[in-house]
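Colleague: Construct all of the structure, not just a fragment, from the sequences and the given hints.
Number of protein chains: 2
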Amino acid sequence: MRAWVRLAKAQQIALAAIENALNDADLPPLVWYDVLLEVERAKEKGIRPFELERAMLLAQYNLSRLLDRIERAGYVERAACVEDGRGQVIRITELGKSVRRRMWPVYAGAIERAVGEKLSANEALALVGLLGRLTTPEAGKSAGGA
Amino acid sequence: MRAWVRLAKAQQIALAAIENALNDADLPPLVWYDVLLEVERAKEKGIRPFELERAMLLAQYNLSRLLDRIERAGYVERAACVEDGRGQVIRITELGKSVRRRMWPVYAGAIERAVGEKLSANEALALVGLLGRLTTPEAGKSAGGA
DNA sequence: GGTATATGAATGCAATTGCATCTAAACGAT
DNA sequence: ATCGTTTAGATGCAATTGCATTCATATACC
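Residue numbers (the working numbering), protein chains in the order written: chain A, -1 to 144; chain B, -1 to 144.
By construction, these hints were calculated from the structure, which means they are not laboratory data. The structure displayed is predicted, hence computed values, not measured ones. Where hints are given, some of them may not hold.
All copies of an identical chain are treated as equivalent in the list; a pair is satisfied when it fits inside any one copy or across any two copies.
[Unchecked claim] In silico BS3-like cross-links for lysine-lysine, where the CA-CA straight-line distance does not exceed 30 Å:
| # | residue 1 | residue 2 |
| --- | --- | --- |
| 1 | Lys7 | Lys43 |
| 2 | Lys95 | Lys43 |
| 3 | Lys41 | Lys7 |
| 4 | Lys41 | Lys95 |
Modeller: Below is the structure:
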């Protein structure tokens, strides 16, 4: 229980710091970064919205509209999908790439202040390990998971 | 950096699980629980919105409207503040208490599944310690921690 | 081939959030 | 007492989110 409360609070504080930093720098919100990063990683081949949806744990309608906005800003392009007539393919634009690059130092700086400065390298590593246990779908605690 | 990413993901997953559990049980969202708990702790004396605001890291306008909704549901009552003509005092109602009590097992169960089941007691304790470092306003990395 | 079901994505509408601004009361200095 | 400033809280309006539903194509079954 205490772990959950602190988890929530730590995340809330760090997230607010990051969003503020981006906002102050007149840059888009953090989710945009995540989307742009995923889309950029997909290169020319692009990525399907439903893949993005799963990668980012975003609700379908939510992603649909987020892509609307990012597209309207000119950071990604939607194209009809050849293999699947229902679907589409998202590709990043040059403008999108440049915005993502500009977001990175601001994002990284905020994380450094919110997390890096507060933990030693070993502590950060330990935290990564513990949090990793929470994100796996596995049961986890007992050895012989059935 | 990796620590932040995992922190965000772990929180997101756990939060979604909790909100879903509450939703499935036809109970109000998690913030309502937090508010009700704080207000209930203040007993008859009540609590001022601005205190709540600081305790919960909520934006002022956000809290104002959240209290509107919780009040409309009949779970808290607003009263003019005697000592400060600008302010008010929030008190929980019997209905509010009972709802908070009904929320607890659902909330606790979701946390147990999202966190408790994935970590041993020692691991959970270690996580509490590490996350605590992130929520202190202090710089933190150097050894002199309180 | 024809119909039922499942999947990818969009959308109407209500609820919530964020931003900026506003009101009123308290404080502080004259 | 009066004026400027700060603090507590509310609110108009735009943007975002959530829910339910819709549309269109793909797949499975017969």
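Colleague: Quick check: which numbered hints come out false for this structure?
Modeller: Structure breaks no hint.
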